[in-house]
Amino acid sequence: MATTQKMLDVTEMGAKSKEELLGLASDVGLNDTTALANLHKEDLLSRLFQVVSAQQALVSTGILEIMDEGYGFLRQIATYRASGDVYISQSQIRRFNLRNGDTVTGQVRPPKEGERYFGLVRVELINGMETDQVQSRYRPTFEHMIPIFPEKQVILETSGSELSTRMVDLFAPIGLGQRGLIVSPPKAGKTTMLKMIAHGVQENCPEAILMVALIGERPEEVTDMRRAVKGDVFASTFDESVEEQCRVAELCLERAKRLVEMGKDVIILLDSITRLTRAYNLAVPTSGRTLSGGIDPAALYPPKKFFGGAR
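Residue numbers (my numbering): 656 to 966.
Worth double-checking, as some hints may not be accurate.
Each computed DSS-like pair below joins lysine-lysine, with the alpha-carbon atoms no more than 27 Å apart [to be verified]:
hint	residue 1	residue 2
1	K845	K912
2	K850	K919
3	K767	K696
Here are the computed distance ranges between Cβ atoms for each label pair [to be verified]:
hint	residue 1	residue 2	range
4	S708	S744	16 to 22 Å
5	F962	R750	31 to 37 Å
6	V706	P805	52 to 58 Å
7	P795	E674	44 to 50 Å
8	E798	S672	41 to 47 Å
9	P874	A938	17 to 23 Å
10	T945	R834	24 to 30 Å
11	N686	F893	40 to 46 Å
12	S701	E798	39 to 45 Å
13	G774	A690	23 to 29 Å
14	D787	D824	43 to 49 Å
Bear in mind the hints are in silico, worked out from the structure with no lab data behind them.
Where a beta carbon is used, it is the ideal one built from N, C-alpha and C, also for glycine.
Assemble the whole structure, with the sequences as input and the hints as a guide.
What follows is the structure in structure tokens.
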């Protein structure tokens, strides 16, 4: 970091339980325990941030999502949109030539009266590197990189008792830079199969970065996947809007692109491309044409772009 001042991570604070926050409130001098205990967790966090920010700097890390107007937000993938988001100005985005999907760490300030979001005061790290070490203007662009046929197979077999991933290795081997599709009827175990694949990737290809995108899933399945997989899980449950589901999928893809531009190997597991297509079918403006099944042709392009991102 560019500063030696002690910093408090906003994301870690948001992950604490209410009991832990009450203990922290007592440590920083908020002694009205009864009144604080009656507050909602979000209100308690707000009180804490206002007090702590006067004593030490606040720092936050998030994945950048740039709006059409030019400004952006640092999103927290483990929380719902607008929960812990940090506003980043257009001038900061232009200064460091930031792109959608960049991971940005920086010093932030709590929301002022009438504001909804934290504000980014200073950028400290971009994709884990100091700002003066990042050649942002000379980074390769994903779309201009040369796609080639897979050269390295990803072995998924993990043990002799697990035959499903062994069958994949034998009959449908997967390589880095390749697309794969699981076609199955409902309740056939495709989500379980994805978990097995994720475990195989983690055990046999630890240098690759694993990302899971869950679109339109049940909330309990999202929790189960986050507990089972040691990787970034981008999730939007079925009870959220189709715009939110599309946004989460796009943020996952953009994050993967930025990692590939840095020379990393990334593996994305999407569940499911069918629900993603249905979400885009409701979200995109109608083209006036309809395919079989009530799908608008314009709704097929974003999922095809996601699927074609493997290269």
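Violated hints - listed by number, lowest first: Checked against the structure, no hint fails, so every one of them is satisfied.
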